[in-house]
Amino acid sequence: MKALEPLIFDLSAPGRSAVSLPSCDVPEVPVETLIPNSLLRQQEPQLPELAEVDVVRHFTRLSTFNHGVDTGFYPLGSCTMKYNPKVNEMLARQTGFTALHPYQPEALTQGALQLMAELQEDLCELAGMDEFTLQPAAGAHGEMTGILIIKAYHAHRGDHKRTKVIVPDSAHGTNPATAAMAGYEIIQIPSNDRGGVDLEALKKVVNDEVAALMLTNPNTVGLFDENIQQITKLVHDAGGLLYYDGANTNAIMGITRPGDMGFDVIHLNLHKTFSTPHGGGGPGSGPVGVKEFLAPFLPKPVVVRREDDTFTLKYDMPLSIGRVRSFYANFSILVRAYAYIRSLGGEGLRSASENAVLNANYLMSILKEHYFLPFDRVCQHEFIITPKNLKATGVHTLDIAKRLLDYGYHPPTIYFPIIVEEAMMIEPTETESIETLDEFAKILIKIAEEATSTPDLVKNAPYTTLVTRLDEVGAVRKPNLRWRKESN
Amino acid sequence: MNPVELKYNKEHEYARVEGNIVTFGITDHAQDSLGDVVFVELPEEGVTVTAGKSYGTVESVKAVSDIYASVSGKVVEVNTQVMDSPDLLNSDPYGEGWLVKVEVEDLSPLDNMMSAAEYETYLAQEEH
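Sequences listed follow chains W and H, in order.
Heads up: the first sequence begins at 31 in my numbering, then just goes up one per residue.
Heads up: the second sequence begins at -10 in my numbering, then just goes up one per residue.
What you were told as hints is all true, and nothing was included just to trick you.
Below, computed lysine to aspartate or glutamate pairings styled on EDC-like, alpha-carbon distance capped at 20 Å:
#1 K418(W) <-> E109(H)
#2 K(-1)(H) <-> D228(W)
#3 K421(W) <-> E109(H)
#4 K42(H) <-> E215(W)
#5 K421(W) <-> D25(H)
#6 K508(W) <-> D76(H)
#7 K508(W) <-> E30(H)
#8 K508(W) <-> D25(H)
#9 K421(W) <-> D21(H)
#10 K421(W) <-> E115(H)
#11 K508(W) <-> D73(H)
#12 K42(H) <-> D199(W)
#13 K(-1)(H) <-> D223(W)
#14 K(-1)(H) <-> E451(W)
#15 K418(W) <-> D21(H)
#16 K421(W) <-> D17(H)
#17 K418(W) <-> E115(H)
#18 K418(W) <-> D17(H)
#19 K(-1)(H) <-> D199(W)
#20 K508(W) <-> E48(H)
#21 K489(W) <-> D25(H)
No lab work stands behind these hints, which were simulated from the structure alone.
All values derive from a computational prediction rather than experimental measurement.
Looking at chain H on its own, in the form it has when it is part of the complex (with noise of 0.2 Å):
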């Protein structure tokens, strides 16, 4: 299931909070609704993502989806594993397939994200 320590977006985004380090990738749910992910673009270590806007692309072999920062910061450390290893963030999203992680100054806009029984809730509304 998704972990409690996360926070959510409606994206089907998750963010790990550890200090003013904030790892991003894409949910349990996300990875399940695209298939089989065959490409994933990131940013390069050093580029600064702006909060609510695309910072790269996951392409499955149905669509190719955007995916958003959930808040503003620099890069620092880009999982080039999953680049090579697409499959990882389908066999483990909130594992070894997160995306970027991300140098943050400003914490407060995660205060807006889900918590994990908050996006089960938004999933399970989702599908009616």
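One chain only, chain W, in its complex shape (with noise of 0.2 Å):
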């Protein structure tokens, strides 16, 4: 295949470069007079050498090859891809902020410590928490964070026959995963007809050495479990903990809060929730929250906020895991969390929350009359359909998203969750408004009309993309993951 952009590698030129640097000034000395033979490069790094212009290029026209949010609708349930207004962008770039070092001063971070220390007064109002820590870089750094958390617990008590994680079959992968790697077997308990935990499957795993339950709610198939009361009582009273996936926290802000459904721990991804960016690995931010009982163990340092209003990074703490992440956390999204979080209010936080839910429900709403609707309930942030009514066709998820492409929307989030067959799974966010919604119901319904008059239009799609179908069993099975000179 033809590259429509080549590698930065193939464009290099021997010599070129994009600045010419003045002769020096001072005597040249031969590098091999100043360090030892055995530590000096045998053969010159392979780097690119391109003139300023042709970086520029490159890169500008890669970047024309993408879809984000800025360019159009992103429907990718899980994500919670909304739009991520420019104020929280120019107040993360004010200099204050870029400029400081992590070594500096408390007296002269006091700002920065303040920003931490109110985002984390405002996210426990939020989650019903008693404290937070902000240092987890991603969702799933944060719930291996709540995890470990959750084990030091258990072990201070001295209570070490606890080695079970019940994790229900709708969770994100990343929870069975991330109790896996804390050391953790992992109990896997359905789900019922209704979409949510199978309380009676619940009851029969639920014991002594259950160390905690992981639950998404609103869950993966984008309901609100209906006892989540019941369920959380249930493992309290067998001692177990409670965690809180919050990766759909957008669904319920201001409205519910994980801390009064009974969670002891909760991890937030200001990322999907509180608009900071997903692009390009974000980078990201997985704040977790604690009840008060479980706060000796959170990560140190952690911000606490003196009697007199002055802030500063609390080290003692004896009980702490330890450190999660270098330094403070991925501190230039705090700042775009910040921004969103008072720039909306409490009332905007929970009107965009509101707006989330019944922009998911009124797409669902259109589209159940076009598609199979496997939960027909009254949904939360987002739902699943699946071309189950289309089986006759031979149309398959994967080919209604590549067909989504042909008409401009990045499409949802397909075969997940896997305990729905050929899911598609729609979060609209509430950034959108009902044009957008409007049209991108009509767009589906035509492919599903396409689906059955000239299946095989479907099957091939897309055609106005600048690649079409990839070779995905290619890529994974036999991988070209880096550039080499020998094979140009």
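Could you use the hints to bring the two separately framed chains together as a complex?
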């Protein structure tokens, strides 16, 4: 396949460079006289050599191949691809924040510490928790932090028989992975036909060997668990703790709080719910909140507000699980989340969640007439449909996702969660207008019609994109991950 | 179609019984819903597998799925060819796409598995 845009290495020409440095005004010393031979490179590093204009054009061209929230609708379920307000960016770029050094004395970093402390307080209020750490750099990192806190808590009590963690089959894959990484045995329990946790199955596995239950609520099928308080009570009565995967918090801000549902530990994804960037690795941020009795185990340092309203980093935490990240957090991401929370305010956040839920239900109510809806009840911020009703046409979910590209949409999440065959998981978010939703629904309905009348049209899509069907199997079986000089 | 001499479970796996040797594999329906299989992870020879427990994974372009032992026993042969060419699971699930052969002492758990006809009824029910 001919590349649309060559790799930057292939644009290289020997000796070409972006700048001409002035000649050295001090005597030059051969590097061999300064560094022992054993530490010297034996060959030149393989770096591309280009003029500035070539570099700028290369990356600018690449950027035009991209689809982002700033270019179009992006209903990627479970990911909350809401629009990221530019005021967040403006504030994060203030030099007062960008020029800070993590080793600056506290007297000179009070503003940054205040921002962190106030963000912790806001997240506590939203989640119904008592303390927060901002250190974890992503959702799964937050899970790991939370589970290690639970493990430290049980160990501190001398309760060493709790070796199991319960995870429903609708969980994010990171939940069982996290618990396994922390050394726990995973017990998977099934969902009931309403899409929630099967209480009878839970009762059978809850005992004094269970360290925790990890739950996402609303869950990955976009439904709020109707038995949430019974679930948390069952686990608590057996001495286990409740971990809340906050990936889907965008449905419940200001409406209900995990702490009130009975959860002991929660992580929030600032890059989902609080409008910080996702793309290119974000970077993410997965703060972890805990109830008071778990606060001594939080990673250190935590930011604390003194009685005189100055701020400090607290290191004196003998029961802490230790650091989970260098320095304090992905700080500039915290600035963006703080800006988002403060610009919306409490009522604004609640109305963001209400609109996220309204938008999802609006789309669902239109699309359920044209696709199969496995759980026909009021959804939260996202819902699942499948093309089961189109099975006879031979058109699969993957084909519909590819066909959406022809109409300029990023496809929804597909084939997840795995408990629903051929799932398409649609999360419009609150930032989309009714016109956008209507247009997207119209296109999905049109694709359903195409699947019936001209199935091959859908099966061979996309046609209008820069690349069409990629060899996904080849990419997995025989990955070609890095440029090598000899291959050219 | 699904060979009549095999036994089937609800995880869409089959068991082929020859004396006290049982061959495990996944059904045609399983390979069709998984899509192109790209990676197969199997236990080594000599490992003991337990009925109802996972003994390996099958990864497709869509998802990673556990594979479960229908009966307990000791692995006596592993299909290394399928590890090198996972596409055999898609092209020939009941033949060259078999996964492991297990030496079994107690064959009775296999009585709980479905016949080909029962499995097809089960598939039809799952459709609705």
